[in-house]
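Participant: Listed here are the chains, written in short residue letters.
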Amino acid sequence: MIRGKCWVADDYVMAYNIIIQEYWISPINPEENSKWVMAGVKEEFNKENGFKDGGYTFIVAAHNFAGGGKSIEHVITGLMGAGIKAVFADSFARLQFRNAINYGLPFVTSKDIAKGCNTGDELEYDPSTGNITNLTTNKSFNSVPAAPFVAEVESAGGLMNFVRDKIAKGQPIG
Amino acid sequence: MGMTITEKIMARTSGRDQVKPGELVWVDINTVMTMDYLGKQCFTKFRSLGKSEVFDKDRVICVSDHLVPPPNQKFATMLNEWREVVREHDITHFYDLGRQGIAHQIMVEQGHVLPGTVSIGTDSHANTYGAVGAVGNAVGVTDAAVAMATGKAWFRVPEAVKFNITGTWQPWIMAKDLSLHIMGMMHWNGHLIYKTLEFTGPAISALDMAGRMTLCNMTVDLGAKNGIVAPDQVTVDYLSGVAKGEWEMLDSDEDAHYEAVYEVDVTNVGPTVALPDKLDDTVPVEKVVGTKFNKAFVGTCTNGRLEDLAIMAQILKDKQIHRDINMIVVPASQTVYLDALRAGYLETLIEAGAAIDTPSCASCAGIHTGVAGDGDIVLSAGNRNMKGRMGSKNAQIYLTSPAVVAASSVTGVITDPRTFN
Chain A
1 MIRGKCWVAD DYVMAYNIII QEYWISPINP EENSKWVMAG VKEEFNKENG
51 FKDGGYTFIV AAHNFAGGGK SIEHVITGLM GAGIKAVFAD SFARLQFRNA
101 INYGLPFVTS KDIAKGCNTG DELEYDPSTG NITNLTTNKS FNSVPAAPFV
151 AEVESAGGLM NFVRDKIAKG QPIG
Chain B
1001 MGMTITEKIM ARTSGRDQVK PGELVWVDIN TVMTMDYLGK QCFTKFRSLG
1051 KSEVFDKDRV ICVSDHLVPP PNQKFATMLN EWREVVREHD ITHFYDLGRQ
1101 GIAHQIMVEQ GHVLPGTVSI GTDSHANTYG AVGAVGNAVG VTDAAVAMAT
1151 GKAWFRVPEA VKFNITGTWQ PWIMAKDLSL HIMGMMHWNG HLIYKTLEFT
1201 GPAISALDMA GRMTLCNMTV DLGAKNGIVA PDQVTVDYLS GVAKGEWEML
1251 DSDEDAHYEA VYEVDVTNVG PTVALPDKLD DTVPVEKVVG TKFNKAFVGT
1301 CTNGRLEDLA IMAQILKDKQ IHRDINMIVV PASQTVYLDA LRAGYLETLI
1351 EAGAAIDTPS CASCAGIHTG VAGDGDIVLS AGNRNMKGRM GSKNAQIYLT
1401 SPAVVAASSV TGVITDPRTF N
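In order, the protein sequence lines correspond to chains A and B.
First residue of the first sequence? That's 1 in the numbering used here, and the numbers climb one at a time after it.
First residue of the second sequence? That's 1001 in the numbering used here, and the numbers climb one at a time after it.
Keep in mind that a hint or two might mislead.
[As the list claims (entries may be wrong)] Lysine-lysine pairs mimicking DSBU-like chemistry, simulated, CA-CA at most 30 Å apart:
| no. | chain 1 | residue 1 | chain 2 | residue 2 |
| --- | --- | --- | --- | --- |
| 1 | A | Lys35 | B | Lys1278 |
| 2 | B | Lys1074 | A | Lys47 |
| 3 | A | Lys35 | B | Lys1040 |
| 4 | A | Lys47 | A | Lys35 |
| 5 | A | Lys139 | A | Lys115 |
| 6 | A | Lys35 | B | Lys1393 |
| 7 | A | Lys115 | A | Lys5 |
| 8 | B | Lys1278 | B | Lys1057 |
| 9 | B | Lys1162 | A | Lys166 |
| 10 | B | Lys1074 | B | Lys1387 |
| 11 | B | Lys1051 | A | Lys166 |
| 12 | B | Lys1387 | A | Lys111 |
| 13 | B | Lys1162 | A | Lys111 |
| 14 | B | Lys1051 | A | Lys47 |
| 15 | B | Lys1020 | A | Lys166 |
| 16 | A | Lys169 | B | Lys1051 |
| 17 | A | Lys166 | A | Lys35 |
| 18 | B | Lys1319 | B | Lys1287 |
| 19 | B | Lys1393 | B | Lys1287 |
| 20 | B | Lys1040 | A | Lys115 |
| 21 | B | Lys1074 | B | Lys1040 |
| 22 | A | Lys47 | B | Lys1387 |
| 23 | B | Lys1020 | A | Lys111 |
| 24 | B | Lys1020 | A | Lys115 |
| 25 | A | Lys169 | B | Lys1040 |
| 26 | A | Lys5 | A | Lys85 |
| 27 | B | Lys1057 | A | Lys169 |
| 28 | B | Lys1278 | A | Lys42 |
| 29 | B | Lys1074 | A | Lys35 |
[What the hints assert, rightly or not] A short list of chain B residues far from chain A (calculated; beta carbon distances all over 12 Å):
| no. | residue |
| --- | --- |
| 30 | Glu1254 |
| 31 | Asp1255 |
| 32 | Tyr1262 |
[Claimed, not checked] What the simulated footprint calls covered on chain A by chain B, stretch by stretch (three residues with Cβ under 8 Å from a Cβ of chain B suffice, anywhere in the stretch; the number is not a length):
| no. | stretch |
| --- | --- |
| 33 | 13-20 |
| 34 | 23-35 |
| 35 | 63-70 |
| 36 | 85-94 |
| 37 | 99-106 |
| 38 | 154-164 |
Hint data in this document are derived by calculation from the structure and do not stem from the laboratory.
Note that this is a predicted model, so its numbers are computed, not measured.
C-beta: ideal position from N, C-alpha, C; glycine also.
So here's chain B without its partners, still in its complex pose (with noise of 0.2 Å):
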């Protein structure tokens, strides 16, 4: 029997030939990162586990992405205190304030994730690391501390659920769309809950890395313990002189198992939407086409990277922003706003009546900047829309991509952006 692409990385970094489905594996990590509002306390555990210095000091990475700029006296206090925990380990890799982002952009752009490896963060969305081929994984600050500690980290080797993508992605149409017909196609029903989720076909092979992040992002949101796209040259031209160290390319064997296997053609994706509340609650946006708002919202993880910001500068280009919208964009990282600077989006977006933010996670968690308040109606390219996820729990939460958020913020209510002028 051959092995999924995961089932291989948990059996070579686990120092076997073989694993099979359910059994349980201490695997050697090549980086956990943790962030600062949960990683002084993973360092207070660490040092509680009879060690001062940590596995390597190259492989865990520290960022500030949650806090950062300090809103308050209290953010500020604890970003004091993490700052001073980090420098006491001496970690080579800190993104803190001025070089930060959020850290699962930092962890794939600054190549701390590898094909063929295993990352885990602190965070849920450590899901996106699978993007570059890499089995990324989400823990609480007890695994994190055992691997700055060990250098490793227990798992149970995970059933696999395939998805093949085939067909052509239409204008307009991002890896967003994909993820969130997905989410409606699946449910948060348990369905998928444990697996690993395995994207193929020609339509990933069609997909930049930005778009591959989106999608393994999100697979958290479906229960799944990690979503993975096998490296190919998309991956090989990203990883060109970012990565920090030696990787392989793996793939799954042709007659590897998988549980389920789902066919979804993307030439039938149309630009989709989450209504407020459920995630797994998403219809086409014809739809809801017409829905007023008042909150525009594009950043985070899911979609803060340099092509989002560009195909919003392509709707925006000459446009404005409708009086009753604010919109807040976030670049996902320093690099990004830099990038998108450069490349002259943050201009078109200013011009349009954009407002750019810092790098950080901002209200997508809703403790930070730009918050949702009472009678709020967001339209927002994050990647959860519970009740109060953003701030107010009477504030509501449309999801979409970064593509119907530029497109309805000039109109003011929701729009297509394949039919949008």
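This is chain A alone, in the form it adopts within the complex (with noise of 0.2 Å):
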């Protein structure tokens, strides 16, 4: 179970946004990354810790999270050093999706998430069952379980342990 406030996006979040271009030479690297995370999606988080402070642990947006292209992990290390623990969506773009299963944050799928919640609410997240609970305003919502290999690799704790694991052991990854 894991629980925490959440920021809301209140329009399309692209990759773009969430790194902008002068952090993307930047080693991938959470701590470094989160100082400029979403520095490109509201004004108030355009200085350093900008969108760490706010100490959310969940993002819920609507279609197309962190989308626009941009296959960089800067995207995922940047959020998962700010705090955030999952992030909930409609829909999540590709590039970014597969980073995040590669890094074991969780991408949630759920539809209407972004209808039942504002900035600040305090949501429980339980990864067993996908049920999201709004705990401010007392409502529920449903998830898409993780896929077995997602969430092996989750359990993992990311692709790199994953295959590093099987590597070590001598076994095929696939």
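Now that you have both chains on their own, put them together as the hints suggest.
Facilitator: Structural data, given as structure tokens:
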């Protein structure tokens, strides 16, 4: 069970705005990438630790979260470094959906959740059932459970750990 | 039930007879590409898996494209670290400054992408590889590191959507116009997220490899997993002499399943323009004829090929670019550069008043040469136009074909190449 405060996107969130251009060439590192994560999404986040200092655990968004192209992993490490434990949305852009799986950050598909939450609401997410409860408004939402492979990678702590373990044991990865 | 070409490729590369959409497979990759600004991190991650030698040093392709030539000390130092790590791993194919090009152009033009196989790259426009009938896919550094170590990548077999393109290409109409037309048709609303997009029909058979690359390139911007054109004689001719490895002709079965099939008659597709900020906000050129701009840009993995420079040279022959327009033209690779030079295209463009820059991603990603400043209005043949893409957030970017850029640069306002004299 994960519990915490959510930030609700009021518009389409592009990967470009989660990590803005000047930080694309930075090293991929949660601590570093989180300092300026979401800098292009809202003016209030466009300062050092602007988003991170909000203390959010979840992001709630509408369709095609982190879309608009860009395969850079800084998007995921930036969110993770800022304390995000799961992102809920109608749909996710595939490049970052893939990266999120590889890092073990749950990108959880849940319809209509964006309409049922406000920034600052306290949410509780149960990864085992996929159930999301808005404790502030007492509303519940279902989500699409993670595919077995995704759950396996998540429990290994990401694809690197998953593959490293297989290589060390001399096992085939697939 | 038959299979689509993408399903067939995923089946054969994962050692199965059959795969279905939604299934998760680990496929053997043909090649994995990485570039200057992310490559060192790929190798670092790869080493952290407990390996010191890549799965096949002929099939890890390294390219310098985003940072070359370095405009500042920071980039120069990054490039030095990158070169060191590539040499350390004894990578066979390293396309560094002097032999460089935009990675996706290099991958296809140098035969590192083969029909019926899977190639991945750490840049979002790796979808370009579908032009030769391969599954081309963009990945992050993690997937590239895993592929370098194991020769494998995981994929969820995508649902398929077909675009059947009929009719006849009209004069001055390019694959870019069709791409932008489809972008406007489908929007960024998520219909095509995760899908494989297959392009078929007589107008695709009639399309050259440059055009197929443009079309597949921009499928990432539709949200798709990949875009693909089944190999045919155009593919065979293109790959002859350059293909690095064996390959086979695959095509979708007659009874393959598609979630949707869209018909587009290319006869009715005219020059198309995406308005600033949103790629799917597209209009026929007639709607924006007369719009002022001050910078013109042709290059990128979308439109920096010989055929693109040829059509520009045709339009700009004995013409002068308007004195208020600064045009930058960036051939997509050293090979394209040399071919365009020998064909006389660059001479024509220079005589017309265009600046030719050395092959790189240039201003497309807003981090290298020719970036946009406050107040700039750019008419670009690139692939993205969101605020700040080419530099300043206070610049506007119109996206269109090289033909529209060339004709417009003479008049100084957006111009329809069909009525340009």
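Participant: State for each hint whether it applies.
Facilitator: Hint by hint, here is what the structure shows:
1. Proximity of lysine 35 (chain A) to lysine 1278 (chain B) is assessed by CA-CA distance (about 27 Å); at most 30 Å being required, the pair is judged to hold.
2. Only pairs whose Cα atoms come within 30 Å are accepted, and lysine 1074 (chain B) paired with lysine 47 (chain A) is accepted, the gap being roughly 23 Å.
3. Restraint check: the Cα-Cα separation between lysine 35 (chain A) and lysine 1040 (chain B) comes to about 22 Å, which is no more than 30 Å; the hinted pair holds.
4. The suggested pairing of lysine 47 (chain A) with lysine 35 (chain A) holds, with an alpha-carbon distance near 8 Å, which does not exceed 30 Å.
5. Only pairs whose Cα atoms come within 30 Å are accepted, and lysine 139 (chain A) paired with lysine 115 (chain A) is accepted, the gap being roughly 11 Å.
6. With a CA separation close to 21 Å, the supplied pair lysine 35 (chain A) and lysine 1393 (chain B) stays within the 30 Å bound.
7. At roughly 16 Å between alpha-carbon atoms, lysine 115 (chain A) and lysine 5 (chain A) fall within 30 Å of each other, so this suggested pair holds.
8. Between lysine 1278 (chain B) and lysine 1057 (chain B), the direct Cα distance comes to roughly 40 Å. Violation of the 30 Å bound is thereby established for this hinted pair.
9. Taken as a hint, the lysine 1162 (chain B) and lysine 166 (chain A) pair is broken in the structure, with Cα atoms around 38 Å apart against an allowance of 30 Å.
10. Among the hinted pairs, lysine 1074 (chain B) with lysine 1387 (chain B) is consistent with the structure: their alpha-carbon atoms are about 25 Å apart, no more than 30 Å.
11. With a C-alpha separation of about 12 Å, the suggested pairing of lysine 1051 (chain B) with lysine 166 (chain A) holds against the 30 Å cut-off.
12. About 29 Å separates the Cα atoms of lysine 1387 (chain B) and lysine 111 (chain A), which keeps this hinted pair within 30 Å; it holds.
13. Distance check on the hinted pair: lysine 1162 (chain B) and lysine 111 (chain A) sit about 27 Å apart at the alpha-carbon level, within 30 Å; holds.
14. Straight-line distance between C-alpha atoms of lysine 1051 (chain B) and lysine 47 (chain A) comes to about 39 Å, which puts the hinted pair past the 30 Å bound.
15. Pair hint lysine 1020 (chain B) plus lysine 166 (chain A) holds up; C-alpha atoms about 26 Å apart against a cutoff of 30 Å.
16. Distance hint between lysine 169 (chain A) and lysine 1051 (chain B) is fulfilled; the C-alpha atoms sit about 13 Å from each other, no more than 30 Å.
17. Distance check on the hinted pair: lysine 166 (chain A) and lysine 35 (chain A) sit about 34 Å apart at the alpha-carbon level, beyond 30 Å; violated.
18. Our distance criterion of 30 Å between C-alpha atoms is met by lysine 1319 (chain B) and lysine 1287 (chain B), whose separation comes to about 25 Å.
19. Our distance criterion of 30 Å between C-alpha atoms is met by lysine 1393 (chain B) and lysine 1287 (chain B), whose separation comes to about 24 Å.
20. With a C-alpha separation of about 42 Å, the suggested pairing of lysine 1040 (chain B) with lysine 115 (chain A) is violated against the 30 Å cut-off.
21. Distance check on the hinted pair: lysine 1074 (chain B) and lysine 1040 (chain B) sit about 15 Å apart at the alpha-carbon level, within 30 Å; holds.
22. A C-alpha spacing of about 19 Å is found between lysine 47 (chain A) and lysine 1387 (chain B), which places the hinted pair at or below 30 Å, so the restraint holds.
23. Between the alpha carbons of lysine 1020 (chain B) and lysine 111 (chain A) the distance comes to roughly 25 Å, so the proposed pair stays at or under 30 Å and holds.
24. The straight-line distance between the Cα atoms of lysine 1020 (chain B) and lysine 115 (chain A) is roughly 34 Å, outside the 30 Å bound, and the hint therefore fails.
25. The straight-line distance between the Cα atoms of lysine 169 (chain A) and lysine 1040 (chain B) is roughly 26 Å, inside the 30 Å bound, and the hint therefore holds.
26. Proximity of lysine 5 (chain A) to lysine 85 (chain A) is assessed by CA-CA distance (about 10 Å); at most 30 Å being required, the pair is judged to hold.
27. At roughly 24 Å between alpha-carbon atoms, lysine 1057 (chain B) and lysine 169 (chain A) fall within 30 Å of each other, so this suggested pair holds.
28. Only pairs whose Cα atoms come within 30 Å are accepted, and lysine 1278 (chain B) paired with lysine 42 (chain A) is accepted, the gap being roughly 18 Å.
29. The suggested pairing of lysine 1074 (chain B) with lysine 35 (chain A) holds, with an alpha-carbon distance near 20 Å, which does not exceed 30 Å.
30. Remark: the non-interface label on glutamate 1254 (chain B) is consistent with the geometry, its nearest Cβ contact in chain A lying 28 Å away (cut-off 12 Å).
31. Distance check for aspartate 1255 (chain B) against chain A: the nearest CB is about 27 Å away, which clears 12 Å, and the non-interface claim stands.
32. Every CB of chain A lies more than 12 Å from the CB of tyrosine 1262 (chain B), the least distance being 19 Å, so the non-interface label holds.
33. For the stretch 13-20 of chain A, the proposed coverage by chain B is satisfied: 3 residues have a C-beta within less than 8 Å of a C-beta in that chain, meeting the threshold of three.
34. Counting residues of the stretch 23-35 of chain A whose beta carbon lies closer than 8 Å to any beta carbon of chain B gives 4, which meets the minimum of three for the stated coverage.
35. Counting residues of the stretch 63-70 of chain A whose CB lies closer than 8 Å to any CB of chain B gives 6, so the stated coverage by that chain holds, three being the minimum.
36. Residues of the stretch 85-94 of chain A with a Cβ under 8 Å from some Cβ of chain B number 5, which satisfies the need for three, so the listed coverage holds.
37. Note: the stretch 99-106 of chain A has 3 residues with beta-carbon separation from chain B under 8 Å; the three-residue rule is met and the coverage holds.
38. As drawn, the stretch 154-164 of chain A meets chain B at 5 residues by the rule of a beta-carbon pair under 8 Å; at three or more, the given contact holds.
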